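2 protein chains.
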Amino acid sequence: MTKLNTQPYKGARDIYPEEMRLQNYIFDTWKRVCNRYCFEQYSFPVLENFEVFSAKSGQEIVNEQLFSFEDKGGRKVALRPELTPSTVRMIAEKFNILPQPIKWFMIGDNWRYEKPQKGRGREFYQLEVNIFGIDEVTADFEILSVATDILKEFGANETMFEIRFSDRRLVNLLLNDVLKLDFETATEVRRIMDKRAKMSESDFVSILTEMGLSPEYGEAVEKFLGSSLETLPDVIDLDVLKTNKGYENIMNLSLLLGKSGLLKYCRFDPSIIRGFEYSDGLVYEIYDKNVENSRSLFGGERFDGLITIFGNYKLGATGFAMGDITLAEFLKGWKLIPNFDDALDYFVTLWPGTDSRYLEKSLEVASKLRQDGKKVFTWLQSDTKIDKQLKYADKKNAKFAIIIGDAEIKSNKMIIKDMRSGQQKELEM
Amino acid sequence: MTKLNTQPYKGARDIYPEEMRLQNYIFDTWKRVCNRYCFEQYSFPVLENFEVFSAKSGQEIVNEQLFSFEDKGGRKVALRPELTPSTVRMIAEKFNILPQPIKWFMIGDNWRYEKPQKGRGREFYQLEVNIFGIDEVTADFEILSVATDILKEFGANETMFEIRFSDRRLVNLLLNDVLKLDFETATEVRRIMDKRAKMSESDFVSILTEMGLSPEYGEAVEKFLGSSLETLPDVIDLDVLKTNKGYENIMNLSLLLGKSGLLKYCRFDPSIIRGFEYSDGLVYEIYDKNVENSRSLFGGERFDGLITIFGNYKLGATGFAMGDITLAEFLKGWKLIPNFDDALDYFVTLWPGTDSRYLEKSLEVASKLRQDGKKVFTWLQSDTKIDKQLKYADKKNAKFAIIIGDAEIKSNKMIIKDMRSGQQKELEM
Numbered sequence: 028m029t030k031l032n033t034q035p036y037k038g039a040r041d042i043y044p045e046e047m048r049l050q051n052y053i054f055d056t057w058k059r060v061c062n063r064y065c066f067e068q069y070s071f072p073v074l075e076n077f078e079v080f081s082a083k084s085g086q087e088i089v090n091e092q093l094f095s096f097e098d099k100g101g102r103k104v105a106l107r108p109e110l111t112p113s114t115v116r117m118i119a120e121k122f123n124i125l126p127q128p129i130k131w132f133m134i135g136d137n138w139r140y141e142k143p144q145k146g147r148g149r150e151f152y153q154l155e156v157n158i159f160g161i162d163e164v165t166a167d168f169e170i171l172s173v174a175t176d177i178l179k180e181f182g183a184n185e186t187m188f189e190i191r192f193s194d195r196r197l198v199n200l201l202l203n204d205v206l207k208l209d210f211e212t213a214t215e216v217r218r219i220m221d222k223r224a225k226m227s228e229s230d231f232v233s234i235l236t237e238m239g240l241s242p243e244y245g246e247a248v249e250k251f252l253g254s255s256l257e258t259l260p261d262v263i264d265l266d267v268l269k270t271n272k273g274y275e276n277i278m279n280l281s282l283l284l285g286k287s288g289l290l291k292y293c294r295f296d297p298s299i300i301r302g303f304e305y306s307d308g309l310v311y312e313i314y315d316k317n318v319e320n321s322r323s324l325f326g327g328e329r330f331d332g333l334i335t336i337f338g339n340y341k342l343g344a345t346g347f348a349m350g351d352i353t354l355a356e357f358l359k360g361w362k363l364i365p366n367f368d369d370a371l372d373y374f375v376t377l378w379p380g381t382d383s384r385y386l387e388k389s390l391e392v393a394s395k396l397r398q399d400g401k402k403v404f405t406w407l408q409s410d411t412k413i414d415k416q417l418k419y420a421d422k423k424n425a426k427f428a429i430i431i432g433d434a435e436i437k438s439n440k441m442i443i444k445d446m447r448s449g450q451q452k453e454l455e456m
Numbered sequence: 028m029t030k031l032n033t034q035p036y037k038g039a040r041d042i043y044p045e046e047m048r049l050q051n052y053i054f055d056t057w058k059r060v061c062n063r064y065c066f067e068q069y070s071f072p073v074l075e076n077f078e079v080f081s082a083k084s085g086q087e088i089v090n091e092q093l094f095s096f097e098d099k100g101g102r103k104v105a106l107r108p109e110l111t112p113s114t115v116r117m118i119a120e121k122f123n124i125l126p127q128p129i130k131w132f133m134i135g136d137n138w139r140y141e142k143p144q145k146g147r148g149r150e151f152y153q154l155e156v157n158i159f160g161i162d163e164v165t166a167d168f169e170i171l172s173v174a175t176d177i178l179k180e181f182g183a184n185e186t187m188f189e190i191r192f193s194d195r196r197l198v199n200l201l202l203n204d205v206l207k208l209d210f211e212t213a214t215e216v217r218r219i220m221d222k223r224a225k226m227s228e229s230d231f232v233s234i235l236t237e238m239g240l241s242p243e244y245g246e247a248v249e250k251f252l253g254s255s256l257e258t259l260p261d262v263i264d265l266d267v268l269k270t271n272k273g274y275e276n277i278m279n280l281s282l283l284l285g286k287s288g289l290l291k292y293c294r295f296d297p298s299i300i301r302g303f304e305y306s307d308g309l310v311y312e313i314y315d316k317n318v319e320n321s322r323s324l325f326g327g328e329r330f331d332g333l334i335t336i337f338g339n340y341k342l343g344a345t346g347f348a349m350g351d352i353t354l355a356e357f358l359k360g361w362k363l364i365p366n367f368d369d370a371l372d373y374f375v376t377l378w379p380g381t382d383s384r385y386l387e388k389s390l391e392v393a394s395k396l397r398q399d400g401k402k403v404f405t406w407l408q409s410d411t412k413i414d415k416q417l418k419y420a421d422k423k424n425a426k427f428a429i430i431i432g433d434a435e436i437k438s439n440k441m442i443i444k445d446m447r448s449g450q451q452k453e454l455e456m
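So the sequence lines, in the order shown, correspond to chains F and C.
To convert, count from 1 in the first sequence and add 27; that's my numbering.
To convert, count from 1 in the second sequence and add 27; that's my numbering.
Identical chains share a label here; the pair holds if one copy fits it or two copies do between them.
Below, in silico cross-link-like pairs of lysine-lysine (PhoX-like), each with a Cα-Cα straight-line distance of 25 Å or less:
id, residue 1, residue 2
1, 395, 58
2, 103, 37
3, 341, 422
4, 359, 423
5, 422, 402
6, 423, 58
Note that these hints are calculated values from the structure, not bench results.
Predicted model only: the values in this text are computed from it and were never measured.
Could you build the full structure based on these sequences and the hints that come with them?
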């Protein structure tokens, strides 16, 4: 008979107990910080109605990366490639019942059909954190505080990461109002701007030229992307900027970040665009500052308009999604992964031999220790030399081993061996 | 524009924060007990190579219930309908590296295309618990101890659930050796035996007759299903029984269960068959004893042979899978769901008005409290009456509210309001 492949589905990960400790550490840390901010946890199925993504998730994801198919009833479904649209769907479903503001987080797996590469799989988990029902900058501020606190909780500091933020309304101001591009060209130019970092200046300018932008306009776009709060008025008149909601938002956010001591983690950067169609206010990406591996760890945005695909609701919406694979790479790069204490408390050996009392006594002792909340491993094979059992106990990082042989049964005692010091002592059973 | 449906995919569940507390409670309890037995947690992707299930998961699951499709690269894949086969795949992949015995558990979502009904969705989570590398009855015993301890940890006792166990080798003894049916007929008869409880005796007998069994043989099957340890020798000669590994296993297991005080939870019941093709030793189902809702909560088995679909390995394997939906129904039925303490520690109000110091002070206080590990909710809207904020705080079950207005800023104090008693006091900021 042909034997089946033992590999997982291509680009997805089997997580063995060793790696599971890291995943649990990441998930637990995420949860702890979100709970501290009183965000409430929720969840939804990995399988979703196709249209939820086809509407607004961005053409690359929908056309190239979606795992979609028809179910046996002919429904078009997809594995979620991100957590935001279904989150909004859940809120739309109970829009009139849920008291606002809504502060929610969840952790779930996402699927994208991509070429598997380091730090990027077809399957990845994300922490999704959002505030709904507030259209003020204070919500954006709190979201950035949560993102910062999470990274700090992992032991990271301002030398290791940087939040680069901009505002989609500022990009729209440039493309629609200053350069007066039509909607389609503006959308195309915005998508290329999002990929600017992945190409040379000359390639970038020539793509813009192909789109029909004059060299002058191409230069304005390039200058915009490279500007700071100080040099932005060289690209767009300060009077015009001052009428823009995005600009106002960035100024107010900077003020709040300054007052609360968070500005050292953050920097305005108009080259931040984001690839989702639904971003419509603040946008940001969190960068690893490791010079050998400088790249975006995760990002977020405002998406007040996304809910309108489900109904004519008004709902302030702002949040981010942090992936587990890129985060783990970041933690490894900065040596921030702790040693996990996975020691088991007691390893109860089983005296080799046919006398059934060996097993009965071992099980009895183990059961009592577990009732006291101890982590207890029991050896279950009836004919293993004690030496071999203790070797296994050592591998499993046991603190103490318990040995009950003939002499012990007779005297109603047991031997407790400290696996680190090697010392043994007798105890009443 | 047409608005999209806000319902989740049919038969799958959105989990709002209310219900998430129950899910977290269930998952945390599962984890706690498994950790106490020193089982190690692992995980694998929900999307799996199709063949992993087509081999041995049972015809109903594979032909009717599998969510399967081709990926963009032409690979045949499926959403996992159960957690056992991929677990064995993972062990086969590292067979020579993993030290045995292996005690593993995981929690994950499964997908089956079924008619959605109460207590049964197309998506459900399962706890999968297995011991690998031990072919002795002691491993079966420990697995049943874990199952019992989990239900006890939820507050259940012997009046609420019962473990009914049998052994596939006993079924094979009847069908192959006593009735001497050929392989295919025996398999068909076994499948019908698994469905016996869902049909009348006359329907059952007439189906057996259609399969070519004489009335005498049909009666033997029916008698077998209804027998106890005492009456089993009326169907199969005791001398024959005594040569059967399954019978030996059941006698030894009963002995161990008796010695350890677990027999009050357990009963031999040869009508337990299980629907998987891979069951090849002990089989069991855990039944709700609620007379109004008596049904199987979950089950498990030995499956020593399953690994051979991946390679010529020898691996003792025994374990169970417990589903979250049926468990939640069980807990509800017996009123075992506790009140979840989801109180937030501090609700920091935001004094309405334009003075930016209100916000700054609130954020400062909230940040300090969070640094002390407190759960702190901050109100972020700039123009909400304090009364309305406190109403929301009450809804969110806040223990204390903090109020900082003009007078407080001047005196560098803050008001702390006990939300239960209503009492207020001033504190230095």
